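Trainee: Okay, here's what each chain looks like letter by letter:
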Amino acid sequence: MAQIIGLPKLSPTMEEGVLVRWTKKEGDKVSPGDLIAEVETDKANMDFNVEDDGVLLKLLVKEGDTVRLGAPVLILGKAGEDITALVAQAAALAAQPAAASAPVPAPKEAPAVVAAKPAPVKPTPVAPAPKPAAKVAAPAAKVAAPVGDKVLASPLAKSLAIELGIDLRTLTGSGPGGRIVERDVRAAVISDEQVALDTPVVEAEPTSSETAIAVRAKPAVDGTGAYEDFPASNMRKRIAARLTEAKRDVPHFYLQRQIDAAPLLAFRERLNALLGDRGKVSVNDLVVKAVALALRRVPECNASWEGDAIRRYHGVHVGIAVAIDDGLVTPVVRDADQKGLGSISAEVRDLADRAKRKGLKGHEITGSTFTVSNLGMLGIERFTAILNPPEAGILAVGAVLDVPVVKDGQVVAGKRMTVSMSCDHRVIDGALGARWLIAFADLLEHPESLAL
Amino acid sequence: MPVITYREALNRAMREEMIRDPNVFVMGEEVGHYNGAYKVTQGLLQDFSERRVIDAPIAEMGFAGIGVGAAMVGLRPIIEFMTFNFSLVAIDQIVNNAAKIYQMSAGQFHIPIVFRGPSGPAVQVGSQHSQALESMYAHVPGLKVVMPSTALDAKGLLKSAIRDDNPVVFMEGETLYNTTWEVPDGGPDDGLIPIGVGDIKRVGADITLVAWSKMVWTCLDAARVLAEEGIDCEVVDPRTLRPLDVDIIVNSVKKTGRCVIVEIGWPVAGFGAEVAYQVQRHCLDALDAPIERVCSDDVPMPYAKNLEDEVQPQIKDVVAAVKRALYLE
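One line per chain: the protein sequences are A and B, in this order. For any residue, its number in the numbering used here is found by taking its place in the first sequence, counting from 1, and adding 211. For any residue, its number in the numbering used here is found by taking its place in the second sequence, counting from 1, and adding 15.
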């Protein structure tokens, strides 16, 4: 019996697709797994494979057409079958409003819209997909169920995807025949999963790429124009989940302290005069170095809660929150306590540049033991940050401000910077955190010690 | 540390072992009065007399067989083949006698013999004198097959081969004799390298190159070229093919996720196929790309220089294979 085949879900976030090219024509015989069309989704061009035997009786959309998820794209059946009724039904289905991407109940007697097979993908590593649901009466919602088919991925890409929690179905392979290889998974890590989740998110102004995504994904607009929904990117969802988890599960408390920034600014000026054209050291570079040395002085804060133990790390690896389009990442300066200011400065600049271009490798954004988030350059006087688990501490750095200070009984002009330390109370108690801040302040207020 | 040639390293190894153990003797064509066709036995006749440095007639089957017999009764012969191409004349002694007597005599007879000599293609010596035969010997249970790439390895492994109670096929690189390396100048037990233990000749993160003998040098050259493009190769030299240090190869591939095996022998049933089997067997989940092999072309060696270069693995071939394995081409 002939059946209408609807547009399958070829990426987890797609709501519609553009039929780029038919690779079969009406009258062609097809077998399960045959490629019949290429479909442009929000992710990439994906293969549309047919799941059943039969003959392509009618192609219902033209190349270049945009098709709603689940909307009819072709009629499959036996050669010579009468499909007049089905064509009419398909036209009716196609005419339904976009809201119909919610499940469409299948007509009782007529052949239902059958979910065609999604792209050649594998069940997610976390939750193995169920076997395909019964073929009939599969409304659009069922289309979403991943069907166990082969994903073309190298063994390393597969094991890495499991390790990093990446869904291979969301990736496009760059290897021969579309094979997903290591670099594709690593790239996904950067753009997708391992976003840092520490600080209040610095929302950049909408960029052109965000706009593009928004347009393609067709934000839902309510009838009154009161709001618009912009579908969350995977990175945004990930940030949402991890921040919620951190703020909910980690007992935060906060310590604040003012630091006399005058010696720091003077020191920085001297350094930059010495450096000349060879680069510039920023306040943030000095802060990173001071954080690292303070962690050496108070190693109890370079630690994490492990349920039945406190793990103290031997290496001091400082994560630095960097705002990027639609989110943020925390590239890591490894062994920052052992690096000179010049190399920290160069490394931070390189990491930040590449973070913005989404060019960081997986190992460059993992393994930090403490994080610094600095909004001083954006004029924020003071703020508190959400911890970046499993780290037990994060330092939120505010702007250097000109303030009146009392010195020897006189009010004089001074430079002050406020820092806030968020602590995981399971690891760091108030006095310990205070001790760390004393060490940090001592280093920054005697900045020559950063060069030692 | 003193820098010496591969040739000198082999000479020292034999000399030290002959001093250490009076049962060790050398036999082969031109090993005595002529000081060796490749001068590896230079000075041994003068220092150890005709009793222990024996010029044999051009009869490989004969003197290889005498060696096996001598080993059966407790001596430790070093049989030099002028080149391993001529070992084919003696292969019955090597494969059917040396390799089997220990097992067939139920352990009554050890065969502590070393068959050594130059191997691998040289320069314009024609098909019959320009070939790599290690895969044939590595196929045979009962033999050990050693393929040192550097002077350091050559000395340490030849000493271990002479001390080994089993027949060892010790294949020297014919074009490596003049290569140099730092070799310690210590006592007789200094610098012994156990048979069956590989060596990382270059540490790298992106891809594993497995090669032995001369191809180690080709791989190191290729690694330098690739380093300029930001590709960091690890070069693993198993040093002995049988027994093979599978662990060192596997650990490297688990680290890098990619593997290129480079051998100067022919592709079909070449030893690289065995390495590839071991890698896929132990590293399947670590592999990001099919294992690549670089071999000589599947033809007898041509004589013409341009064709000779064409059929053998060159730096560019290794570079191309690395890029295939990294999906860069």
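Careful: at least some of the hints might be erroneous.
DEER-style ranges, computed between Cβ atoms [what the hints assert, rightly or not]: (1) A:Arg-560 <-> B:Val-218: 26 to 32 Å; (2) B:Arg-339 <-> A:Glu-237: 49 to 55 Å; (3) B:Arg-339 <-> A:Arg-560: 33 to 39 Å; (4) B:Val-212 <-> A:Leu-476: 56 to 62 Å; (5) A:Pro-243 <-> B:Val-218: 44 to 50 Å; (6) A:Glu-237 <-> B:Val-218: 58 to 64 Å.
Simulated pairs of lysine-lysine, DSBU-like, Cα-Cα distance not exceeding 35 Å [unchecked claim]: (7) A:Lys-572 <-> A:Lys-458; (8) A:Lys-572 <-> A:Lys-448; (9) A:Lys-369 <-> B:Lys-216; (10) A:Lys-550 <-> B:Lys-216; (11) A:Lys-572 <-> B:Lys-320; (12) A:Lys-491 <-> A:Lys-572; (13) B:Lys-270 <-> A:Lys-572; (14) B:Lys-320 <-> B:Lys-216; (15) A:Lys-289 <-> A:Lys-491; (16) A:Lys-550 <-> B:Lys-331; (17) B:Lys-320 <-> A:Lys-569; (18) B:Lys-269 <-> A:Lys-572; (19) A:Lys-361 <-> B:Lys-338; (20) B:Lys-269 <-> A:Lys-448; (21) A:Lys-369 <-> B:Lys-331.
Think of the hints as simulated: they come from the structure by calculation, not from any bench. In this text the structure is predicted, and so the values were computed from the model without any measurement. Don't be surprised by glycine CBs; every beta carbon is placed ideally from N, CA and C.
Trainee: Confirm or reject each hint.
Mentor: So, going through the hints one by one against the coordinates:
no.	hint	verdict
1	A:Arg-560 <-> B:Val-218: 26 to 32 Å	holds (28 Å)
2	B:Arg-339 <-> A:Glu-237: 49 to 55 Å	violated (40 Å)
3	B:Arg-339 <-> A:Arg-560: 33 to 39 Å	holds (35 Å)
4	B:Val-212 <-> A:Leu-476: 56 to 62 Å	holds (59 Å)
5	A:Pro-243 <-> B:Val-218: 44 to 50 Å	holds (48 Å)
6	A:Glu-237 <-> B:Val-218: 58 to 64 Å	holds (60 Å)
7	A:Lys-572 <-> A:Lys-458	holds (27 Å)
8	A:Lys-572 <-> A:Lys-448	holds (21 Å)
9	A:Lys-369 <-> B:Lys-216	holds (30 Å)
10	A:Lys-550 <-> B:Lys-216	holds (29 Å)
11	A:Lys-572 <-> B:Lys-320	violated (46 Å)
12	A:Lys-491 <-> A:Lys-572	holds (25 Å)
13	B:Lys-270 <-> A:Lys-572	holds (16 Å)
14	B:Lys-320 <-> B:Lys-216	holds (29 Å)
15	A:Lys-289 <-> A:Lys-491	violated (73 Å)
16	A:Lys-550 <-> B:Lys-331	violated (39 Å)
17	B:Lys-320 <-> A:Lys-569	violated (50 Å)
18	B:Lys-269 <-> A:Lys-572	holds (18 Å)
19	A:Lys-361 <-> B:Lys-338	holds (26 Å)
20	B:Lys-269 <-> A:Lys-448	holds (33 Å)
21	A:Lys-369 <-> B:Lys-331	holds (31 Å)
Taken one by one, the earlier hints fail for this structure at numbers 2, 11, 15, 16, 17, listed in ascending order.
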